[in-house]
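Novice: Sequence:
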Amino acid sequence: MKNIENINCFKQTSQHTDFGLLTTLVTETGIAQHGSISFGEKTLLANYIYHNNETYTLVYTIIDKEGNIESFAENEGILPTLFLSPDEENFVSVIPYHPGKELEISIPVFDRENIILPKGNKPFTGKFIGTTNLFSIFFEVDIWANSKPDKLLAIEFNNKAISKKHNIKIDLPRNNKIFISDNEIHLLSGTGKGWLHRQIDENGNMKRQRLLSPNQEHFWEILSLSFEKNAYILCEENGEISIETISEEGKSATSVLVNIKDEFFNVWQPVKISKDSFVTRFNTEFGNGWFTTKQNTLVEIYYSKACKGYKNLLTDKVLELDDEKLVISTINKTTNNGYAVVFYPATERGNKNKKLIILNRQIK
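Once you know that position 333 of the sequence shown is 332 in numbering that gives the first Met the number 0, the rest is easy, because the numbers rise by one and skip nothing.
Think of the hints as simulated: they come from the structure by calculation, not from any bench. A quick note: this is a predicted structure, and the numbers were derived from the prediction, not measured. Watch out, some of these pointers could steer you wrong.
Estimated spans, in silico, between C-beta atoms of each pair [claimed, not checked]:
#1 Ile-114 x Val-317: 39 to 49 Å
#2 Asp-321 x Ser-162: 45 to 55 Å
#3 Asn-204 x Thr-54: 41 to 51 Å
#4 Lys-206 x Ile-115: 50 to 60 Å
#5 Asn-174 x Pro-98: 14 to 24 Å
#6 Ala-345 x Ser-162: 41 to 51 Å
Yeah, the Cβ is synthetic: ideal placement off N, Cα and C, and Gly gets one too.
Make the full structure from the sequences, and use the hints.
Specialist: Following this line, the structure appears as structure tokens:
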């Protein structure tokens with residue numbers, strides 16, 4: 000395969016703020032965000048860059064903590080899903096152009112000269128979760144079908160190359176949250192009688208399980224989950240954000256973090272930025288934001304409600320931004336206790352967005 004080639008498609012400006020470095024990328028015709036992921040201590044973005052004739056090019060852009068950028072054009076397909084190999088090399092799944100087939104290939108983002116173009120397979124629509132010793136793990140929950148089991152895709156690596164893809168159906172109950180750490184895959188689901196905590200292997204086989212009886216009835220996301228040490232589960236009810244701490248023995252304790260007075264609409268998978276710290280993004284009826292936790296303690300929380308930008312509700316300091324309404328596209332780790340937030344302005348139907356904003360933030 001040919002390596003991807005450099006392309007220049009952005010006008011770039013950067014600004015140092017009290018919150019971190021803000022970098023703005025602007026295109027002439029339009030841009031559509033298709034995810035980001037860690038690239039060492041940098042951020043790797045995938046975007047469609049539109050042309051005047053309504054066609055587009057899939058472009059990868061690397062941005063570092065100083066705002067320096069480098070972009071590359073993909074020529075093997077569209078609909079990118081970025082992921083990492085067990086050796087933390089950057090890979091992508093794309094769908095090659097074909098008039099009669101929609102098949103997915105998984106290839107390195109860079110250094111392709113020794114790679115043979117793989118055969119395509121049925122696309123997996125789940126999200127990349129993390130890696131174990133030999134596998135990159137994806138997970139999918141069908142929110143529209145109450146009877147369908149959750150699905151796991153385990154991409155197996157051998158000598159740093161993809162050797163096989165394993166599609167697995169997870170035993171019921173469904174609608175699990177998933178957490179990977181120390182080469183262990185953990186699942187958590189609400190059963191009506193408590194929370195079922197399971198550990199499975201890459202083939203979906205059960206290794207151990209326990210039924211928890213927490214103080215909270217519902218939870219949003221796993222911050223960390225283990226059989227050998229404290230687990231931390233994110234909860235929220237009527238705008239009150241809390242963490243349920245579950246001990247090795249299964250005992251629960253609730254720590255209230257803050258009350259933003261607005262219910263969550265959505266919460267995304269927390270991003271681990273250090274041993275015990277996670278960044279989680281959310282939205283509500285009135286805005287969006289993100290917060291950082293360390294174990295069961297709130298470190299910071301930024302919310303866009305009633306301000307032009309994002310206010311840290313713990314300090315009342317505002318990250319002021321030019322655009323009235325911003326969408327948070329992705330958050331990913333950069334350095335230890337550092338992360339990048341990717342925003343884009345919300346546009347009216349029929350209008351293309353032309354701007355991305357990246358905040359590189361370091362927690363001291």
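Novice: All hints are to be evaluated individually against the structure, with a verdict given for each.
Specialist: Do the hints match the structure? See the list:
Roughly 47 Å separates the CB atoms of Ile-114 and Val-317, a value that falls within the hinted 39 to 49 Å. Taking 45 to 55 Å as the suggested C-beta distance range, the pair Asp-321 and Ser-162 conforms, at roughly 48 Å. Restraint check, Asn-204 to Thr-54: a C-beta distance of roughly 46 Å satisfies the suggested window 41 to 51 Å. The hint said 50 to 60 Å for the Cβ distance between Lys-206 and Ile-115, and at roughly 35 Å that hint is violated.
The hinted range of 14 to 24 Å is not satisfied by Asn-174 and Pro-98, whose Cβ atoms lie roughly 37 Å apart. For Ala-345 and Ser-162, the Cβ-Cβ distance of about 42 Å falls inside the hinted range of 41 to 51 Å, so the restraint holds.
Against the hints set out earlier in the document, violations occur for numbers 4, 5.
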